[in-house]
Each structure stands twice: as C-alpha cells, then as structure tokens.
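Visitor: Chains D and H, in that order, give the protein sequences. Going by this note's numbering, the final residue of the first sequence carries number 315, and the count climbs one at a time with no gaps. Going by this note's numbering, the final residue of the second sequence carries number 1220, and the count climbs one at a time with no gaps.
The hints are simulated quantities; they were obtained by calculation from the structure and are not laboratory data. Be careful, since some hints might not be right.
Claimed, not checked - Below, a list of computed lysine to any residue pairs in the SDA-like style, where the Cα atoms sit at most 25 Å apart: (1) Lys51/D to Gly76/D; (2) Lys286/D to Thr1026/H; (3) Lys286/D to Arg221/D; (4) Lys286/D to Pro1099/H; (5) Lys286/D to Leu270/D; (6) Lys1089/H to Phe1158/H; (7) Lys1089/H to Val1197/H; (8) Lys286/D to Ala168/D; (9) Lys51/D to Ser219/D; (10) Lys286/D to Ala1072/H; (11) Lys286/D to Val1197/H; (12) Lys1089/H to Ser284/D; (13) Lys1089/H to Ala1072/H; (14) Lys1089/H to Ile73/D; (15) Lys1089/H to Thr186/D; (16) Lys1089/H to Gln1027/H; (17) Lys286/D to Asp1091/H; (18) Lys1089/H to Met287/D; (19) Lys286/D to Glu1204/H; (20) Lys1089/H to Val283/D; (21) Lys286/D to Ser1032/H; (22) Lys286/D to Leu1096/H; (23) Lys286/D to Phe1158/H; (24) Lys1089/H to Ala1074/H; (25) Lys286/D to Val1092/H; (26) Lys1089/H to Leu207/D; (27) Lys55/D to Ile73/D; (28) Lys286/D to Arg1028/H; (29) Lys286/D to Ala1074/H; (30) Lys286/D to Gln1027/H; (31) Lys286/D to Thr1094/H; (32) Lys286/D to Gly1124/H; (33) Lys55/D to Ala265/D; (34) Lys286/D to Asn1097/H; (35) Lys286/D to Ala194/D; (36) Lys1089/H to Arg221/D.
As the list claims (entries may be wrong) - Here are the simulated distance ranges between beta carbons: (37) Ser1032/H to Ile174/D: 22 to 32 Å; (38) Arg1212/H to Leu66/D: 33 to 43 Å; (39) Val1193/H to Arg291/D: 29 to 39 Å.
Every residue, glycine too, gets a C-beta built ideally from N, C-alpha and C.
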Amino acid sequence: MTTSAIAAQLTEIVLAVLLAPLLTGWVNQCRAWLQNRTAPGVLQPYRVLAKLFMKEAVLAHNASPLFRAAPYIIFGCLALAAAIVPTLNTDLPLNAAADAIALVGLLALARFFIALAGMDIGTAFGTLGARREMLIGFLAEPALLMVLFTASIISQSTSLSTIVSVLAHREFVIYPSLALAGVAFTMVSLAENARIPIDNPSTHLELTMIHEAMILEYSGRHLAMIEWAASLKLFVYSCMGLALFFPFGVAQSGDWLGTVLAVPALALKLAAGGVALALIETVSAKMRIFRAPEFLATAFLLAVLAMLTHALLGA
Amino acid sequence: MFQHYGPQLVNLCAAVLLLLAFAMLTQRRILSVINLYAAQGLVLFASTALMAGLTGHLHLYGSALLTLVLKAIALPWILHRLIRRLNVKWDVETLLNVPTTMLVGIVLVILAFNLAAPISRLAGTVASASLGIALAGMLLSFLMMITRSKAVPQVIGFLSMENSLFFAATAAVYGMPMVVELGIALDLLVAAVILGVFLFEIRERFDSVDTRHLEKLKEH
Chain D
1 MTTSAIAAQL TEIVLAVLLA PLLTGWVNQC RAWLQNRTAP GVLQPYRVLA
51 KLFMKEAVLA HNASPLFRAA PYIIFGCLAL AAAIVPTLNT DLPLNAAADA
101 IALVGLLALA RFFIALAGMD IGTAFGTLGA RREMLIGFLA EPALLMVLFT
151 ASIISQSTSL STIVSVLAHR EFVIYPSLAL AGVAFTMVSL AENARIPIDN
201 PSTHLELTMI HEAMILEYSG RHLAMIEWAA SLKLFVYSCM GLALFFPFGV
251 AQSGDWLGTV LAVPALALKL AAGGVALALI ETVSAKMRIF RAPEFLATAF
301 LLAVLAMLTH ALLGA
Chain H
1001 MFQHYGPQLV NLCAAVLLLL AFAMLTQRRI LSVINLYAAQ GLVLFASTAL
1051 MAGLTGHLHL YGSALLTLVL KAIALPWILH RLIRRLNVKW DVETLLNVPT
1101 TMLVGIVLVI LAFNLAAPIS RLAGTVASAS LGIALAGMLL SFLMMITRSK
1151 AVPQVIGFLS MENSLFFAAT AAVYGMPMVV ELGIALDLLV AAVILGVFLF
1201 EIRERFDSVD TRHLEKLKEH
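So here's chain D without its partners, still in its complex pose (with noise of 0.2 Å):
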C-alpha cells in the first residue's frame, strides 16, 4: 500500500461525499425541465442539508438510542460502499478488504438500519414503511448479486477494482451478457433509490410511500443525515452502474494524469446518467406496491438470462 493509493481512496471518498447532493439537485433540476416547471437549482439540496443541521432535532419520548445512532450508522455504511465503488482510479487500499459481494452486503447493513430506526417509534407509518422497504430488498438484492456475479465471471473476480480495470484497460469487447444485466442493474437501482415507478421520492403524502414513512419521525441533523445518506446511496448505484458499463476514464494505479482527467469524465457521465434517470422517472408512472414483485422478479430473471448468455457466447 503506498500513500498514492491511500491518497486516491481519500480523495474518492471525500469526493463522493460532497458531490452525492449534488447529483440529486442535478436530476431534481432535470426532472423539472421535463415537467415544465421552474426549477429550484442544483444546489437546493446543500441549502436543505444546512438548514436542516440548524434545526433542533425533536425525539419522541420513547425514542431509543438505537434511533439517534441509525443516522450516523447509515451514512457510514454509504460511506464505505462509496469508498469501494472505484471511480477515478482502480487502486483503491480499501479493494482488498471488501469486494462486489461486501458492498452488497454494506447496503444491506444500511436498509435494515434504516428499517428498526422506521420500527423503533411505533408509529403505524414507520412499521408500513419497514415492511414495504425489506420486502424490496428482500427481491431487489438477489438481482443485484446477480448482475455483480455476471460482471464477475467476465474479469474472474469479484473485486470491483479488478471488474472496472478488465473492462476498461484490455482490449474493447462487446459483451452481450453485460446489456442484459445493464437493464436488470437500472431496475435494480430504480427500487433501491426509492424512485419512480416502485417509489416516489418527492413526496410525504401518499400511503403508498416506502422511504418516505420510514424517516417521517426523524428531524433535524438526524433528517439531515439521512437525506445525505440517500443522496450518497444515488451516488453510490450511479457509479456502481458507471463502473460496470461504462467503466471508461477511470485511471489505473500511478496514473496522476489519468486520474485527473477521470473527474471530468466521471462529471459527464453522472451528468448524462442523471438526464436518464429524470427521463425515466418523467416517462413511466408510479406501479401499484403489489406490481413491485413482479417488477423485481423481471431484474432476477433478466440478470439470471445474462449468466446464462454469458455461457453459451463466452462473452
């Protein structure tokens, strides 16, 4: 381990963290312009998040400690899975320690989190909420190891530093399997994120709200933690899709050069990523909670029909 290397994790690190809201201000602003309305500015969610750690944040009194410390567990679980995702450089210290199947494993520590913090209250939205937000899960991780498993048996490793830097550095191949899992990944990540057409993330006020009526009790610098934890899980599945299907500008290790042209080219990538994201959300309409399964159940079978293209094509 060198200080290069533990310099380009720091800066990766540092660097999701401050751009996560950013990126969700972006397609806010995007979804806005494709709705005809007057957008609020892609730096409305850093005022949010300001005003929000000024406020006083209110407990209930039957709030346990668990509830204070979910906020803080949750951003530090998003943290880390940002830490693994490699976006401007594949030589990432971190790698070693945890692969495609333990960053999995840290979103999954984040939603049970977040759902005994929903639970912790005993409020009747919370609990609702809980139970929608693992039953997503429960469907949605199966698809998503699978599509890790896909890119996996491509590089022969489950490193996701490995992942980016064979499909990224050796000679450019076409894999049909990876577009069958590009699809199932951008179902995937529309549940998880709480988007459009499993759930709609701008707004309090409709029962079938998943995220939402989880973190309805939260206020203050613990809303505020959580607001920026959900920022940081958008960031997170945009550069976990961006490393597995469009891995290129990411330097490899001792390229300086490389990994500073890699901000621009990550820029443009989350730009366009976003611009996709406000278009599907604008296009499609939220589905019935009882149509979720369905929905998950195609990522599953879709991710499972790209191993099995993968194996009769051998790409």
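Add chain H to chain D, keeping to what the hints say.
Guide: For chain H alone, kept in the frame of chain D given last:
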C-alpha cells in the same frame, strides 16, 4: 476493425432479440406487443445486414432488405390497422401470471441452450453460438401463443416464431436459399391477411377476440 467487432455485434443483436422475446412474453398490452414485434424486426434486419457485410453473401443483403420491409414496416402496419379496426387497441391481457411465465421461460432458455450446443459446435459460421438464442426465441414464442387468450397476441407469437426461425437460419448456415426465403415471406404475409379475416369472423360470432370462446362446442 469491422471483421473484429462484427461477430460481437451479431451476438449483441442476438441478446437483444432474447430480451425482446421476454418483453413480449410479459407485456400485457396489445399495442406494446406489436411495437415490440416491430423492434424485433429491426434488430433482425440489423443482424442480417451485419452478417451480410461480414460474409459478403449477396443474397443475405436481399434477405435483410426483405426483413426490413416486411417484418419491421409492413406487418406491424397491418397489425396496427387490424387492432384499430377490431377496436382492441387498448386491450389488456388480464389473466397473465408474469412471474410464473418468466420462470417457465427461463427453463425453456436453459433447455434451448443445451439443445443447440452440439449443433452450434458443428456449424462453422461467425455467429454459430447464437443458434441457442434463436432456438430459445422460438420456444418463447410458442410459450407466448400458449399463455395468451386473446387472438391478436397469439398471431404475433406466431409471427415472432418465424423471426426466430429466420435468425436461426442465418446464424447456422448463412440463411436459406432465396426461393425458400421469398416463399416464407409471402406465406407470412398471406397468413397475416388470412388471420386478420379470421379474427373478424371470430369477433362477428362471439363479440370478442378471446379464443377461449372457440373451446366450447355449442353456443348457449
């Protein structure tokens, strides 16, 4: 460059065809099924044109053109007109268990891949590996014809089966002789017209195009 990436692009087309076959299998709305069929025709055209470019077989260019005109433009247009005149444009297939259908579909895909493996080892073409996908597409179209109760999706299942058959022919032996291909194309067109007349007849008699009515022997 083209010789290097061409076969990979044909494989990509094969994967997209498989994806479209699954999308058709699980799509409930008739209008979307027809659009998916048109997309399948376009992908088939792309893969055939790629094969023609890779191998230099002149008749493959002819088949590619035939595919584009017939399967991506003419037949979808006929089908669109048909559902407009039958007034079933917004019909939705209600009795369709998507997860079960897809599970059966996956089993069929595994079966088809295993069945095609020995054959594709013998074929010396650039896209011999995608023979399994063509076979899987055929079986999935069969499944679609079985699971649907409305007549129009059944017709589309039949048409999409021919698409897979055509893809299998190009993948295994660089296409059939031109006479056979023209014959099949004409058959398909005639079949679409006859089935159209047939559908009108069904509707005349039963006031719907649900083929389950045909299972009863007596009218009550």
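Visitor: Now, for every hint given, state plainly whether the structure supports it.
Guide: Going through the hints against the structure:
For the hint linking Lys51/D to Gly76/D, the alpha-carbon distance of about 21 Å falls within 25 Å, and the restraint holds. Only pairs whose Cα atoms come within 25 Å are accepted, and Lys286/D paired with Thr1026/H is accepted, the gap being roughly 18 Å. Note on Lys286/D and Arg221/D: the hinted pairing is violated, with a Cα-Cα distance of about 30 Å set against a maximum of 25 Å. For the hint pairing Lys286/D with Pro1099/H, the CA-to-CA distance comes to about 20 Å; that is within 25 Å, so the pair holds.
Simply put, Lys286/D and Leu270/D have alpha-carbon atoms about 24 Å apart, close enough for the 25 Å limit, and the pair holds. With a C-alpha separation of about 19 Å, the suggested pair Lys1089/H and Phe1158/H falls inside the 25 Å cut-off, and the hint holds. In summary, the hint linking Lys1089/H to Val1197/H is supported, as the alpha carbons are separated by about 17 Å, within the 25 Å threshold. Restraint check for Lys286/D and Ala168/D: not satisfied, since their Cα atoms lie roughly 36 Å apart, outside the 25 Å limit.
For a cut-off of 25 Å, the pair hint linking Lys51/D to Ser219/D stands: about 11 Å separates their Cα positions. Proposed proximity of Lys286/D and Ala1072/H is contradicted: the alpha carbons are some 31 Å apart, above 25 Å. The hinted pair formed by Lys286/D and Val1197/H fails the criterion: a straight-line CA distance of about 39 Å is larger than 25 Å. Distance restraint check for Lys1089/H and Ser284/D: the Cα-Cα separation of roughly 20 Å lies within the 25 Å cut-off, and the hinted pair is therefore satisfied.
For the hint pairing Lys1089/H with Ala1072/H, the CA-to-CA distance comes to about 19 Å; that is within 25 Å, so the pair holds. Between Lys1089/H and Ile73/D the CA atoms are separated by roughly 51 Å; this puts the pair beyond 25 Å, and the hint is violated. For the given pair, Lys1089/H sits about 29 Å from Thr186/D by alpha-carbon distance, which is inconsistent with the 25 Å threshold. With a C-alpha separation of about 14 Å, the suggested pairing of Lys1089/H with Gln1027/H holds against the 25 Å cut-off.
Under the criterion of a C-alpha separation no larger than 25 Å, the hint pairing Lys286/D with Asp1091/H is consistent with the structure, at around 20 Å. As the CA atoms of Lys1089/H and Met287/D are separated by approximately 22 Å, the hinted pair is consistent with the 25 Å bound. At roughly 38 Å between alpha-carbon atoms, Lys286/D and Glu1204/H are farther apart than 25 Å, so this suggested pair is violated. The hinted pair formed by Lys1089/H and Val283/D meets the criterion: a straight-line CA distance of about 20 Å does not exceed 25 Å.
Note on Lys286/D and Ser1032/H: the hinted pairing holds, with a Cα-Cα distance of about 18 Å set against a maximum of 25 Å. Distance restraint check for Lys286/D and Leu1096/H: the Cα-Cα separation of roughly 20 Å lies within the 25 Å cut-off, and the hinted pair is therefore satisfied. Taking the CA atoms of Lys286/D and Phe1158/H, the gap is near 33 Å; set against the 25 Å cutoff, the hint is violated. Our distance criterion of 25 Å between C-alpha atoms is met by Lys1089/H and Ala1074/H, whose separation comes to about 18 Å.
Distance check on the hinted pair: Lys286/D and Val1092/H sit about 18 Å apart at the alpha-carbon level, within 25 Å; holds. For the suggested pair Lys1089/H and Leu207/D, the alpha carbons sit about 32 Å apart, so the restraint of at most 25 Å is broken. Between Lys55/D and Ile73/D the CA atoms are separated by roughly 21 Å; this keeps the pair inside 25 Å, and the hint holds. As the CA atoms of Lys286/D and Arg1028/H are separated by approximately 17 Å, the hinted pair is consistent with the 25 Å bound.
Simply put, Lys286/D and Ala1074/H have alpha-carbon atoms about 34 Å apart, too far for the 25 Å limit, and the pair is violated. Between Lys286/D and Gln1027/H the alpha-carbon distance is near 17 Å, which keeps this suggested pair within the 25 Å criterion. Simply put, Lys286/D and Thr1094/H have alpha-carbon atoms about 19 Å apart, close enough for the 25 Å limit, and the pair holds. Proposed proximity of Lys286/D and Gly1124/H is contradicted: the alpha carbons are some 48 Å apart, above 25 Å.
Taking the CA atoms of Lys55/D and Ala265/D, the gap is near 37 Å; set against the 25 Å cutoff, the hint is violated. At roughly 20 Å between alpha-carbon atoms, Lys286/D and Asn1097/H fall within 25 Å of each other, so this suggested pair holds. Restraint check for Lys286/D and Ala194/D: satisfied, since their Cα atoms lie roughly 11 Å apart, inside the 25 Å limit. The straight-line distance between the Cα atoms of Lys1089/H and Arg221/D is roughly 52 Å, outside the 25 Å bound, and the hint therefore fails.
In this structure the supplied range 22 to 32 Å holds for Ser1032/H paired with Ile174/D, their Cβ-Cβ distance being about 27 Å. Checked against the given bound of 33 to 43 Å, the beta carbons of Arg1212/H and Leu66/D, roughly 55 Å apart, lie outside it. Against the hinted window of 29 to 39 Å, the Cβ-Cβ separation of Val1193/H and Arg291/D comes to about 37 Å, which satisfies the hint.
Comparing the model with each numbered hint stated earlier shows that hints 3, 8, 10, 11, 14, 15, 19, 23, 26, 29, 32, 33, 36 and 38 do not hold.
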